[in-house]
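Participant: Could you slot chain U onto chain E? The hints should help.
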Amino acid sequence: MSAHAAETTFPPDSFYDTGEHHPQNGTMLGFWLYLMSDCLIFAVLFAMYGVVGANYAAGPGPKDLFDLGLVAVNTSMLLLSSITYGFAMLEMARGRQNAVLGWLAVTGLFGLAFVGLELYEFNHFIHEGAGPQRSAFLSAFFALVGTHGLHVSFGIVWLVVLMVQVRKMGLTEPNRRRLACLSLFWHFLDVVWIGVFTFVYLMGVLR
Amino acid sequence: MSTADTERAYDQRHVHSHHHPEGEAHGTFKGYMTGFILSVILTTIPFWLVMGDVLPSKQATVFIIMGFAVVQILVHMIYFLHMNTSSEGGWNMLALIFTLVLVVITLAGSLWVMFNMNDNMMPVSAHEMRNAP
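Sequence order for the protein chains is E and U. The letter at position 178 of the first sequence is residue 180 when you use the working numbering, and the numbering goes up by one with no holes. The letter at position 46 of the second sequence is residue 59 when you use the working numbering, and the numbering goes up by one with no holes.
Extracted from the complex, chain E is given alone in its bound form (with noise of 0.2 Å):
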């Protein structure tokens, strides 16, 4: 009796394996749904910024202020190491460390060039009275563009940690995990700056 009762006893797991597949961690929807909540965020700032953008105080406005070559160059930056970032995760499927360091390394300058432009953007308006203190058109634009490059910022000092871990410990199946989530979070980024862009700069210059 007991041992025909065993054989038709499922193992516990087995019982709710409905065949489909469960994530064994939830670690990268975890992330997605902390960059959902970022999404909201610049949802919020852009709601703000589409609100008081044209409150200019009778101060400078996106004509005056805006150089959409240096836009455009930054734009580029952000986009290229999305696809270098892009390279380095074909690398890290492959195994080879040496060339995910190299192609996250080159990832790490593309997103510098972008802060740094974005430091002598903000440093020129500053200089000509266009702070964050002069409308609330430019309160709006430093909250926006500011919390975006400090996203950015934060994202380059991930990848200089997870370089060193990955040139520490390997390829191993955490630091896999974490390079999969700063991945996401590299790709968002750009993906809120195609927004920046064409929302705040071109379509401010056409207004």
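Source of the hints: derived by calculation from the structure; they are not laboratory data. Since we're looking at a predicted model, the values are computed, not measured. Even glycine gets a Cβ: it sits at the ideal position worked out from N, Cα and C. A few of these clues could be false.
Among chain E residues calculated to face chain U with C-beta under 7 Å, some are [as the list claims (entries may be wrong)]:
1) Leu31
2) Leu35
3) Ala74
4) Ile85
5) Thr200
Simulated coverage check for chain U against chain E, where a stretch passes if three residues somewhere in it have a Cβ under 8 Å from a Cβ of chain E [unchecked claim]:
6) 40 to 47
7) 50 to 64
8) 69 to 79
Facilitator: Structure of chain U alone, referenced to chain E:
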């Protein structure tokens, strides 16, 4: 069923997931390059339209560059973020759709309410204020 058999069965069921423990979608070189080239085209055209003052109508230019932005965001989602309806058992997509609903409510709601408030409550000039009913 012996313990060894159970373990073997367990291994067979789970061996497929060892290389993709998170169920993450891997890109291919072709996929990344396709996304990159599309992005370059979708970025260059709006900048060219605005910097070169190509179209006589500003309204048309605004709508076209907004369209390009939406398409480029989709390109990034598909080729760089590897979004599809089945990753993480569909929860990724569900979270994205929920977020997009909130984003649309936030943006459209803010702009709509604040535009009307501006229109109805703020006198534009001292002259208008004097002649207000």
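Participant: Hint by hint, say whether it matches the structure.
Facilitator: Here is how each hint holds up against the structure:
| no. | hint | verdict |
| --- | --- | --- |
| 1 | Leu31 | 5 Å, holds |
| 2 | Leu35 | 6 Å, holds |
| 3 | Ala74 | 5 Å, holds |
| 4 | Ile85 | 4 Å, holds |
| 5 | Thr200 | 4 Å, holds |
| 6 | 40 to 47 | holds (count 5) |
| 7 | 50 to 64 | holds (count 7) |
| 8 | 69 to 79 | holds (count 5) |
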